[in-house]
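Listed in order, the protein sequences are those of chains A and B. If you read the first sequence in the working numbering, its first letter stands for residue 944, the second for the next number, and so on. If you read the second sequence in the working numbering, its first letter stands for residue 27, the second for the next number, and so on.
Hints are computed from structural coordinates only; laboratory data are not their basis. Among the clues, some could well be false.
To be verified - Quick list of in silico lysine to any residue cross-link-like pairs, SDA-like style, CA-CA up to 20 Å: (1) A:K966 / B:K65; (2) A:K1215 / B:N63; (3) B:K65 / A:I1351; (4) A:K1212 / B:R54; (5) B:K65 / A:A962; (6) A:K966 / B:L38; (7) A:K1212 / B:P56; (8) A:K1212 / B:D55; (9) A:K1212 / B:L38; (10) A:K1212 / B:N63; (11) B:K65 / B:L38; (12) A:K1349 / B:K65; (13) A:K1349 / B:A192; (14) B:K65 / A:G1261; (15) A:K1215 / B:L38; (16) A:K966 / B:Y161; (17) B:K65 / A:L1054.
As the list claims (entries may be wrong) - Computed list of chain A residues with no C-beta within reach of chain B, every gap over 10 Å: (18) L1034; (19) P1071; (20) S1076; (21) N1355.
From the three backbone atoms N, C-alpha and C, an ideal C-beta is built for every residue, glycine too.
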Amino acid sequence: MSTASENYIPGHAAAAPQAGAVKLTMILSGAVFALMMVFGLIMRAAQGQWIELDAALFYQLLTAHGAGMVGTAALSGAAIMWYFGGRHLVLTGGIFWAFLGLFLLGVVLILGAIFIGGYGGAWTFLFPLPALSGGAWEAGAAAAFMLGYTAIGVGFLLYYLELGRRIHTRYGSLARALGWNLILGREDNDPPPPAIVAAAAVTIFNSIGIILGAAVLAASLVHLLVPGFEVDALLAKNLIYFFGHVFINASIYMAVTAVYEILPEYTGKPWKSNRLFAIAWNAVLIFVMAVYWHHLLQDVVMPPWMLVVGQLVSYFSGIPLIAVTAFSTFLYVRGSNMTWDLASALLVLSVAGWSVGSIPASIDGMISVNKVMHNTMWVPGHFHTYLLLGEVAMAFGFMAWLVRGKTIARMNGLDRAGFAVYLAGAAGFVTVFLFSGAASIPRRWAVHYEEWLTHDRIGTLFSVLVVLGTLIFVLRFVARLGRSEG
Amino acid sequence: MQPVVLLISLILMAALSAVFVLAVRAARDPAPGPGANAKRTGLIWAMTIAGVIVSVASLREWPHALASTGDALEVNVSGGQWWWDIDTTEIPAGKPVNFNVTTEDVTHGMGIYDSSLTLLTQVQAIPGYTTQITYTFEEPGSYQVLCMEFCGVAHHDMVNEFEVVAAEE
Ligand code: HEM
Ligand SMILES: [Cu+2]
Ligand SMILES: [Cu+2]
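Could you put the whole structure together from the sequences, leaning on the hints where they help?
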């Protein structure tokens, strides 16, 4: 007999091949997260008028920060899921290297487009802005930016193709890997473990997201090169937000495999796939694709039913997250007598941050609230919550776990300081954004009015703490990697 | 509306955070009993019922409903990089206003702010479309239009204003 729980073998990190590639990816991710946070800090200080920054440079930094953070969240999530996928599947290392290579090529193109070409059209650029910069950048810079996205997209498609193929080989079909036998109450003596259910779902929805993103990229590229080729702006906006929403969510859904696979080592209770778990993931698969309309609630010419779906799904997506993932985390932690080291603390924090961040998100998903919150600082307020305290905490938790050494020990002084500084900084930083949103401060404004400066300055101070905490986590990781591998 | 939204959000966020803190504290307590899954079912039902109630209540009246053209004043607003053109500079208070919003180039967002910089309502301006919203101004005074959708290097400079005047009886 084989059950999902058999996949849990304490301390069997050795069973993960390609750990070297994954570790390298996590170093890169940590370094880029830190650098992009410094960009964020600069933007916040500029909004608070503590430093002077040319508006064009602000929007370039905004574009770099948005694309860089989302890309790095996805990169670290992909590395985590590859690592744990490798516990259950045979994955080809070459594919991961190709993925990483294409990713880095994309990064070079994007950074060149922004800092050499002056491109500053934001990471979810809206057609036809890339072609109409008002003199700030040339078509070539916009094209380089889009080619950068294309390289990253191709890398991800390769990655998902390999995962999908291997899941298919191992489980016979994606449907079975999605836990349909569990849902339908059919007997399955080899049910997919949670990491595989997650991998199957993300493979499907993120591939669809990337392909639709490629469609709008292609159209925008042609528009840049062939004058007179027009695209419907609303259709393009639907595509870019479908892609953007699905892609950033995929990063969290990939990284959460770290919670499924690592927490059991601490709690002693395996994280099992059961019927409810499978239903939740199948719901996520649909929800994550149907909810993107909540980005278009003020595009009143959209068919009303789409906006209604956007509002409803924004709320009901909270149920699998809070009643399944968060609730299960409570059950696993309760009575586990687990040791709190940096890894376990960050991973539990990540589930909390993700769930808590979904609250202001679904409230903003109400059309009537959205009328006065859309494109205010409320929006960065909620997504920084589930990114800084969710995805990024998962990535840092995974990194801490990778270098935990032979025995699990409680946090030492530096770990505690790092954790406290990061948590306090991030919580304060996102709370200020929420207050700013409620004070009607628009997002993506390089220059702020006098009335808003207090918000910006308090936000800047909290950002400094986040950067400090991050530096501690990343440097600690690098130092310990060196120690453990001599 | 914004203070209420903020308050409700912060309360719910604090409550959920508190549950996590309690769960972490309970790591040393006895493991959860068999009743835990019944609690979960209860939670799913509670969230579902609350969701249905809030959804129905908040959508029964369509938030984007327009005033009928007979009673409303029509105001045309067009935007471009980086200006707003408003065809009516004095709007009477107390009468519904239908804003018809267009753009000459890229996507912009028309956000209407009162004199204390509170956002009252907004709509996107989409190339090739006319978007419409209705708003009724209660207070005379000066109001501003700010751009709410990133539209290039001078996005933050895309501001204009109009006056709301007391209605003549
Ligand atoms: C110290 C940490 C951070 C700071 C100080 C920071 C700061 C900022 C600032 C000032 C903005 C622009 C706000 C505005 O619209 O006016 C922003 C936007 C954004 N941030 Fe962060 N951030 C941090 C961490 C992160 C992380 C960890 C992520 C994702 C993993 C992230 C993703 C984004 C995204 C996607 C945007 C939107 C960009 C856009 O509007 O085009 N940030 N951030
Ligand atoms: Cu504009
Ligand atoms: Cu704008």
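Going down the list of hints, with the structure as the test:
1. At most 20 Å may separate the alpha-carbon atoms for a hinted pair to count; K966 of chain A and K65 of chain B exceed this at roughly 40 Å.
2. For the proposed pair K1215 of chain A and N63 of chain B, the alpha carbon gap of about 14 Å is at most 20 Å, so the pair holds.
3. Between K65 of chain B and I1351 of chain A, the direct Cα distance comes to roughly 32 Å. Violation of the 20 Å bound is thereby established for this hinted pair.
4. At roughly 15 Å between alpha-carbon atoms, K1212 of chain A and R54 of chain B fall within 20 Å of each other, so this suggested pair holds.
5. Pair hint K65 of chain B plus A962 of chain A does not hold up; C-alpha atoms about 40 Å apart against a cutoff of 20 Å.
6. Restraint check for K966 of chain A and L38 of chain B: not satisfied, since their Cα atoms lie roughly 37 Å apart, outside the 20 Å limit.
7. Simply put, K1212 of chain A and P56 of chain B have alpha-carbon atoms about 14 Å apart, close enough for the 20 Å limit, and the pair holds.
8. This hinted pair checks out: K1212 of chain A and D55 of chain B have alpha carbons roughly 15 Å apart, not beyond 20 Å.
9. Distance hint between K1212 of chain A and L38 of chain B is unfulfilled; the C-alpha atoms sit about 29 Å from each other, more than 20 Å.
10. Taking the CA atoms of K1212 of chain A and N63 of chain B, the gap is near 16 Å; set against the 20 Å cutoff, the hint holds.
11. Among the hinted pairs, K65 of chain B with L38 of chain B is consistent with the structure: their alpha-carbon atoms are about 19 Å apart, no more than 20 Å.
12. In summary, the hint linking K1349 of chain A to K65 of chain B is not supported, as the alpha carbons are separated by about 38 Å, beyond the 20 Å threshold.
13. Distance check on the hinted pair: K1349 of chain A and A192 of chain B sit about 76 Å apart at the alpha-carbon level, beyond 20 Å; violated.
14. A distance of roughly 17 Å separates the Cα atoms of K65 of chain B and G1261 of chain A; the hinted pair therefore holds under the 20 Å criterion.
15. Using a Cα cut-off of 20 Å, the hinted pair K1215 of chain A and L38 of chain B is violated, with the two alpha carbons roughly 29 Å apart.
16. Restraint check for K966 of chain A and Y161 of chain B: the C-alpha separation of about 55 Å exceeds 20 Å, so the hint is violated.
17. Distance hint between K65 of chain B and L1054 of chain A is unfulfilled; the C-alpha atoms sit about 50 Å from each other, more than 20 Å.
18. No beta-carbon of chain B is positioned within 10 Å of the beta-carbon of L1034 of chain A; the least distance is around 34 Å.
19. Taking the minimum C-beta to C-beta distance to chain B, about 6 Å, the non-interface status of P1071 of chain A is violated against the 10 Å cut.
20. The Cβ of S1076 of chain A does not lie farther than 10 Å from every Cβ of chain B; its closest approach is about 6 Å, which violates its non-interface assignment.
21. Separation of N1355 of chain A from chain B is adequate, the least Cβ-Cβ distance of about 19 Å exceeding the 10 Å criterion.
The structure is inconsistent with the numbered hints 1, 3, 5, 6, 9, 12, 13, 15, 16, 17, 19, 20, although it conforms to all the rest.
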